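Chains as they are written, first to last, in numbering that gives the first Met the number 0: chain A, 0 to 290; chain B, 0 to 370.
In short, the hints are calculated from the structure, not lab data.
Since the structure is predicted, the reported quantities are computational estimates derived from the model, not experimental observations.
The C-beta atom is built at its ideal place from N, Cα and C for all residues, glycine as well.
It is possible that some hints are incorrect.
Partial pick of chain B residues on the chain A-facing surface, computed with a CB cut under 7 Å [said to hold, decoys possible]:
#1 8
#2 78
#3 79
#4 82
#5 184
#6 323
#7 324
#8 329
#9 330
#10 341
#11 343
#12 347
No more than 20 Å apart at the CA atoms, straight line, and that leaves these computed lysine to aspartate or glutamate pairs for EDC-like [stated by the list, open to error]:
#13 A/82 <-> B/8
#14 B/329 <-> A/251
#15 B/345 <-> A/62
#16 B/345 <-> A/174
#17 A/15 <-> B/180
#18 A/15 <-> B/176
#19 B/345 <-> A/251
#20 A/24 <-> B/180
#21 B/345 <-> A/138
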Amino acid sequence: MSAPVYNFAYLDEQTKRMIRRAILKAIAIPGYQVPFASREMPMPYGWGTGGVQVTASILGPDDTLKVIDQGSDDTTNAVSIRKFFVKTAGVETTTRTEDATVIQTRHRIPETALTENQVLVYQVPIPEPLRFLEPRETETRRMHALSEYGLMHVKLYEDIARHGHIATTYAYPVEVGGRYVMDPSPIPKFDNPKLSDSAALQLFGAGREKRIYAIPPYTKVKSLDFEDHPFEPYRHDAACELCGATHSYLDEVITDDKGGRMFVCSDTDFCEQRRAEGHAHVPDQNEAVHG
Amino acid sequence: MYVAVKGGERAIDNAHKLLADARRGDRAVPEISLDQIDNQLALAVDRVMSEGSLYDRELAALAIKQARGDLIEAIFLLRAYRTTLPRFGASEPLETGSMDIRRRVSATFKDLPGGQVLGPTFDYTHRLLDHALADGGEIEEPATASADGARFRSVAELLADDGLIEGDEAPAGEVGDLTREPLSFPAGRDLRLQNLARGDEGFLLALGYSTQRGFGRTHPFAGEIRYGSVDVEFFAEDAGFTVPLGTIFMTECQMVNQFAGSATRAPCFTRGYGLVFGQSERKAMAMALVDRSLRARELGEETGSPAQDEEFVLSHSDNVQATGFVEHLKLPHYVDFQSELGLLRKLQAEFHAANPQIDTPKDSAMQDAAE
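Please model the entire structure based on the sequences and the hints provided.
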């Protein structure tokens with residue numbers, strides 16, 4: 000038994016080449032799911048193996064990596080993935096959005112606008128936006144090939160008929176570049192507008208499902224909707240109780256067992272920077288007591 | 000005042016230290032060695048090698064030790080190592096007909112050339128807890144017979160001599176590898192068999208069982224099950240000849256199933272095939288049942304049962320994928336949950352605005368408490 004020796008960023012160069020080919024194809028056909036020979040990774044499927052493989056394939060020694068989960072750099076899985084790349088690639092890491100060249104994310108897009116020098120890598124659990132309408136891959140691939148997206152519109156319509164609203168609140172389907180309907184991964188629909196016309200390259204990796212797809216920079220991404228029911232991002236009607244932000248996505252935190260709760264920024268780096276700049280919550284007379 | 004939680008990193012480190020401590024357990028108890036696992040938990044090692052797709056007893060034993068006996072975790076460890084290994088090529092097809100037999104039984108013929116060889120088996124043991132085993136002790140030397148060098152022809156081969164069973168010609172073209180090319184549907188039988196060989200024993204067992212209970216019946220007979228060692232050979236292109244790589248132990252199951260025929264072909268038995276590393280008859284048999292079920296379309300049979308549904312079976316057989324995705328629900332989902340919560344509150348508010356006569360949940364909860 001010989002002790003294993005691992006390559007830079009874990010994956011062997013042959014595998015990286017294979018993944019890079021898939022990425023290039025994905026960029027060439029925005030929103031199209033490119034099958035790739037996903038590898039077993041040393042973290043479980045469903046915990047970011049697709050994102051990790053994409054990151055491992057694009058990472059160079061000069062890159063600075065940021066990893067977030069639920070908008071936070073400090074959640075356990077983000078810590079684990081960041082440590083993985085520190086260990087296997089020895090790259091610099093950061094929690095500051097603007098300092099990162101590669102940002103791997105689960106479930107959020109950072110509040111700070113991204114630039115042309117950045118790549119945002121999403122972890123994707125179920126890449127197929129039509130999956131819960133049609134479980135068969137053979138069928139859904141045909142539907143994409145024919146741009147047969149009526150089923151999705153019927154689903155959204157039925158939501159409105161039943162609830163008065165579209166009941167999809169995250170992983171809200173989008174149309175990319177006027178062609179493919181795409182699952183933006185389970186980001187809240189609050190983040191959907193940031194997908195469009197982004198300066199940064201956005202890559203999506205689904206390890207278990209063996210798919211990679213992409214939104215090239217400055218690509219139009221439209222959240223599906225109807226003329227009489229236009230798309231509406233959702234946000235709790237409150238200000239962050241740490242930095243006072245009124246335009247960021249908020250996490251609700253339960254503070255006691257008597258129904259007390261507070262709202263704080265989901266993007267921890269954004270919130271910390273605002274506080275460092277002197278922003279703070281201004282208590283409103285009317286909202287002093289919650290719950 | 001709530002402060003955004005920090006210290007995830009230290010918490011993880013501490014959790015892993017605790018894991019290492021729990022893995023070792025009571026320090027007064029001697030630590031288990033890889034040799035002990037390899038020898039005395041040999042079937043666990045077999046399963047981990049089989050579903051881990053890597054034939055290396057020592058690494059499999061290490062994985063079992065590291066996983067504290069959680070075999071799916073051990074399979075995962077082995078897979079994550081296997082995937083980093085460079086690939087030189089594929090071996091020559093294994094000649095299981097020339098297997099050095101440890102065990103070979105057929106349920107279709109009372110006797111056959113080579114005979115029934117029971118070998119080491121749980122079959123026919125009475126499942127009574129053996130307290131003598133708890134204390135250890137001397138084990139009798141087993142009775143052995145010298146191998147007479149006979150080639151045990153397989154039951155399928157014997158049936159094929161008389162044209163009673165379909166042939167098993169080598170597939171045209173190169174054999175696929177789903178670890179290098181993503182699986183697409185419909186999948187060829189080569190890829191289906193590879194998927195099943197790596198698939199979870201329990202999942203295949205349940206699917207195979209379901210076919211016996213009428214969900215896609217195939218009328219199977221265990222034509223033959225054999226366990227023993229086979230040589231692995233590799234054609235070295237540089238040298239221009241075949242070189243032996245070593246010997247591995249395998250279990251093979253040839254299931255003989257109900258016949259199929261057509262206007263142009265006389266009816267004959269069909270095959271289901273199972274092949275796994277080490278000794279695992281349960282897995283090999285279940286695999287053979289499911290393999291045969293997945294051929295329903297090819298053989299023009301009615302389809303619709305779970306075990307006949309290629310996408311369903313092949314997409315859910317892998318326990319490393321399955322355990323990862325099921326357990327990923329442990330990861331934080333508060334961002335998505337908040338979105339759902341927001342919508343739900345809105346819908347509730349609209350409901351109560353439209354139905355003022357119905358109590359709000361808070362009121363009715365208080366009522367429940369009062370009752």
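_Earlier hints that do not hold, by number_ = Violated hints (numbers, rising): 8, 11, 12, 15, 16, 21; every other hint is consistent with the structure.
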